[in-house]
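The working numbering applies: residue -19 is where the sequence shown begins, and numbers increase by one.
Think of the hints as simulated: they come from the structure by calculation, not from any bench. If you're wondering where the values come from, they're calculated on a predicted model, not measured in any experiment. Mixed in with the good hints, there may be bad ones.
Here are the simulated PhoX-like pairs of lysine-lysine, each with C-alpha atoms no more than 20 Å apart in a straight line [what the hints assert, rightly or not]: (1) Lys198 <-> Lys153; (2) Lys15 <-> Lys198; (3) Lys222 <-> Lys198; (4) Lys107 <-> Lys192; (5) Lys198 <-> Lys107; (6) Lys35 <-> Lys250; (7) Lys265 <-> Lys222; (8) Lys153 <-> Lys321.
What follows is a set of in silico ranges between Cβ atoms, one per label pair, in the way DEER data are often shown [unchecked claim]: (9) Pro27 <-> Ile296: 53 to 63 Å; (10) Asn25 <-> Asp67: 28 to 38 Å; (11) Ser244 <-> Glu112: 37 to 47 Å; (12) Asn55 <-> Thr86: 12 to 22 Å; (13) Ser248 <-> Asp67: 18 to 28 Å; (14) Cys284 <-> Thr221: 37 to 47 Å; (15) Gly178 <-> Met243: 29 to 39 Å; (16) Thr86 <-> Asn25: 24 to 34 Å; (17) Val304 <-> Gly178: 24 to 34 Å; (18) Val304 <-> Lys77: 29 to 39 Å; (19) Glu112 <-> Leu247: 32 to 42 Å; (20) Asn55 <-> Leu5: 34 to 44 Å.
Glycine included, C-beta positions come from ideal geometry on N, C-alpha and C.
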Amino acid sequence: MEEKLFYILGGIYLFSWLFQMFYYLFFMLKTGSYKPELKNNNDNNRPLSVIICAKNEARNLEQFLPKICTQDYPNYEVIVVNDSSSDDTEMTLAQLKTKYSNLYYTSIHSSQQFHRGKKLALTIGIKAANFEHLVFTDADCQPTTDQWLNEISSQFSDEKKIIIGHGRFIKNKSLFNLFLRYETFWNAVQYMGFSQRGLPFMAVGRNMAYTKSLFLEKDIFKPYLNIASGDDDLFMRACATKNNTSIQLNYNSQTESVPPSNMSEWLSRKSRHLTTAPKYKFSIKFWLITEALTRQIFWVLTLCSLFFPIFAPVTISLFIVRLVAMHLILAKAASKMGENKLYLATLLFDLITPMIVGYVWVINVFSAKKKKWK
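Please take these sequences and the hints and turn them into a complete structure.
Here is the structure:
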């Protein structure tokens, strides 16, 4: 009986290792190997509408909006939708409007009867846009360089109507900040790899682009007004295909945003984001859940094997092979994305990250509380 148990555990361990290796080599390696399509025309000069939704973001708008309004791009407008703010957002936008002729804004007045949420603000911004090609970011974000719009829009074509960008967090020296930046980087490598394999399922609203006509083809947000967040993922689910989606990941194409100040704030954000996870296609949920589970199984069985000298050499060898493969794959992606040596944080966070995200997911499943966009 004991020998049979060892065989079963050994089979589970080997399956976990094989699945992990396949996942990283098939999906995540694709991100580091990505080469942007070369454009032989002047499509980079197409007019753009940048859309930002803001709720009580006066301070962030004052700091970051000038960097969006002064991009090195010939023809674009910036539309800010003030979503029922109770701070000085309206006054800040009015002051900034006097400085930047390409800035426009509109306001949604508060209502005590019902909560509208970000999806309505986005819809208003999209319908107000004068141009076909739309670029999205958040009020607490700034472009990494003045080439942001050039780089993001360079991937639009007659076929490519959705562009997925990378949105990083502003760096500081805390361990918590390192965790935030690593988790964000790891997710980006993952969903960009899926997109390159013809399975686009996710983007981040702080750095993505798509066409106005694609949005207007369907009333995308109407069925999901009861879902707290995830306007970006819901759009991807409704509209993204392997043929109409592209990515842009170099440093000049990125945005960086203010990080959560503590774990509680991050968990709240993560919880809102994961409200759309049940809406993913079954194949996507299978890959994501199985990766997280096999990673945990692999770690647990590796640690347990250390108490059995007969198995330890094999499990340690497989562990090292996986670790080296992960580092090489993430290092290649980090080099493309300008994330320097962030991949080294795998040593610290490889085990705990899926545990934390899994905890948030379980809380979401069993919680009846509706979370609102703030």
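Hint-by-hint comparison with the structure:
1. Lys198 <-> Lys153: Status violated; Cα separation ~44 Å.
2. Lys15 <-> Lys198: violated (31 Å)
3. Lys222 <-> Lys198: Satisfied, since the Cα-Cα distance of roughly 18 Å is no more than 20 Å.
4. Lys107 <-> Lys192: holds (8 Å)
5. Lys198 <-> Lys107: holds (13 Å)
6. Lys35 <-> Lys250: holds (18 Å)
7. Lys265 <-> Lys222: Cα-Cα ~17 Å, so holds.
8. Lys153 <-> Lys321: holds (14 Å)
9. Pro27 <-> Ile296: 53 to 63 Å: Check passed, 58 Å falls within 53 to 63 Å.
10. Asn25 <-> Asp67: 28 to 38 Å: holds (37 Å)
11. Ser244 <-> Glu112: 37 to 47 Å: With Cβ atoms ~41 Å apart, the hint holds.
12. Asn55 <-> Thr86: 12 to 22 Å: holds (21 Å)
13. Ser248 <-> Asp67: 18 to 28 Å: holds (20 Å)
14. Cys284 <-> Thr221: 37 to 47 Å: Holds, at about 43 Å.
15. Gly178 <-> Met243: 29 to 39 Å: The hinted range 29 to 39 Å holds for Gly178 and Met243, with Cβ atoms some 36 Å apart.
16. Thr86 <-> Asn25: 24 to 34 Å: Since Thr86 and Asn25 have Cβ atoms about 27 Å apart, the given range 24 to 34 Å holds.
17. Val304 <-> Gly178: 24 to 34 Å: At roughly 28 Å between Cβ atoms, Gly178 and Val304 fall inside 24 to 34 Å, so the hint holds.
18. Val304 <-> Lys77: 29 to 39 Å: violated (54 Å)
19. Glu112 <-> Leu247: 32 to 42 Å: holds (38 Å)
20. Asn55 <-> Leu5: 34 to 44 Å: holds (42 Å)
Of the numbered hints given earlier, the model fails hints 1, 2, 18; all others are met.
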